[in-house]
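Here's the letter readout for the chains.
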Amino acid sequence: MPIVYYDIVRGRSRDQIRTLLDSAQAALVEAFETPERDRYQLVTEHSPGEMIIQDNGLGIDRSENIVVIHLINRRGMKTRTQKEKLYELLARNLKRDCGLDPADLVISITENESEDLSIGYGKAQYVNGDIDSATSQPRRGPSASRR
Amino acid sequence: MPIVYYDIVRGRSRDQIRTLLDSAQAALVEAFETPERDRYQLVTEHSPGEMIIQDNGLGIDRSENIVVIHLINRRGMKTRTQKEKLYELLARNLKRDCGLDPADLVISITENESEDLSIGYGKAQYVNGDIDSATSQPRRGPSASRR
Amino acid sequence: MPIVYYDIVRGRSRDQIRTLLDSAQAALVEAFETPERDRYQLVTEHSPGEMIIQDNGLGIDRSENIVVIHLINRRGMKTRTQKEKLYELLARNLKRDCGLDPADLVISITENESEDLSIGYGKAQYVNGDIDSATSQPRRGPSASRR
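Chains as they are written, first to last, in our numbering: chain R, -13 to 133; chain A, -13 to 133; chain G, -13 to 133.
These are calculated hints, taken from the structure and not from any lab test.
One thing to keep in mind: the hints can contain errors.
Pairs count within a copy or across copies, as identical chains cannot be separated in the list.
Derived SDA-like pairs: lysine to any residue, alpha-carbon spacing no greater than 20 Å straight-line [as the list claims (entries may be wrong)]:
{"id": "1", "residue 1": "K71", "residue 2": "G115"}
{"id": "2", "residue 1": "K71", "residue 2": "R125"}
{"id": "3", "residue 1": "K71", "residue 2": "V113"}
{"id": "4", "residue 1": "K71", "residue 2": "S100"}
{"id": "5", "residue 1": "K81", "residue 2": "E99"}
{"id": "6", "residue 1": "K71", "residue 2": "D87"}
{"id": "7", "residue 1": "K71", "residue 2": "T121"}
{"id": "8", "residue 1": "K71", "residue 2": "N114"}
{"id": "9", "residue 1": "K71", "residue 2": "R0"}
{"id": "10", "residue 1": "K81", "residue 2": "R23"}
{"id": "11", "residue 1": "K81", "residue 2": "A12"}
{"id": "12", "residue 1": "K81", "residue 2": "D118"}
Chain R on its own, in the form it takes in the complex (with noise of 0.2 Å):
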């Protein structure tokens, strides 16, 4: 956790999504220091018309390589300065591992509880113990959390 939403235009191979994502996930393990196996991405693709991505009147040029990442994160886990920093890295990225125009990146937050988000098992491992809520480390070794 984060649970990471990616929407993009149908028309990249299996390799690029791949790409994508492992460049992503390098810049979310950077950004906010998080374990490497807190990977949580789901990929939409959509058709061309089905994306349309404006600027608010600041002038970006938009493609049809559009990359837009939602991500849901606990609340208060994470500064501004991190925040920021992870918009940065995931453009850095991006932009190095796939060739993405940093103009084609759009990213956004929502966050919630530690006790809004299960794992698995129907656990609340953020609550229960299993996770350390600080680092979402797992705090007992893997086993301890199964059923």
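Once you have looked at the hints, place chains A and G on chain R.
Leaving out everything else, chains A and G in the frame of chain R:
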């Protein structure tokens, strides 16, 4: 309300998806004591490479049966205990009714306010008196809320 | 910003989808007094069995024309009255422009903070001065926000 988004990998039949949605709705009604017809479900299907769902290092084995559920619910309406019951009942029901391994279930919730919902006719039923905010039941009978 | 997600059943033509998005954007601009190019729209198409949208018992007749809209907007920027106006104008516009029965319209909003947005270049335009947080208008003209 809640509005519930389901993300799955392509491959289930229409009947299997229906069973999954019925089963999840039964869990919701039981855990949240919400009306049967308080049912707002949307499924998005993905290619296998479009869902990368790991485990924070807890050692949870995911398969292509993975189901990621996101609920939008009103803030302050459900306690932590009710949410934990929801996660537990979703895992129980989906295992019983769909054979879903509880390791293949990830759930998140984000919350909004009563004014942040319109369930038809361009009205805000949770603040205009059509629906009882505490019970989510109609307040005046079915016909009163029409145009 | 808002970022607006539209869920519909597969079957509309590309032109019909464009009309729907134009119509909804006009409602948003009128109700929220937001700039024309504050436009971030994503459409996801579903099979009929993938959207089960009931009515809390209010007796609302849904059809396969159902449109479920979700907005992510900044917290505290819009009053309850403005949100109710948005719902009303979305129903009015989509009926007028697309023939959508207002019974087929469900809307939800979740809110985030100004720092929770990046609309391009890996920057946080609502907190770095590029966009006026109150009006959502560019503050320094189009060119200043580029790399």
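Here's how the hints hold up against the structure:
1. K71 - G115: between (29 Å within a copy, 16 Å between copies)
2. K71 - R125: neither (27 Å within a copy, 22 Å between copies)
3. K71 - V113: between (27 Å within a copy, 13 Å between copies)
4. K71 - S100: between (23 Å within a copy, 15 Å between copies)
5. K81 - E99: neither (32 Å within a copy, 26 Å between copies)
6. K71 - D87: Within one copy only: 18 Å inside a chain, 37 Å across chains, cut-off 20 Å.
7. K71 - T121: within (18 Å within a copy, 25 Å between copies)
8. K71 - N114: between (30 Å within a copy, 13 Å between copies)
9. K71 - R0: neither (28 Å within a copy, 37 Å between copies)
10. K81 - R23: neither (23 Å within a copy, 25 Å between copies)
11. K81 - A12: within (13 Å within a copy, 34 Å between copies)
12. K81 - D118: Neither. Shortest intra-copy (33 Å) and inter-copy (27 Å) distances fail the 20 Å Cα cut-off.
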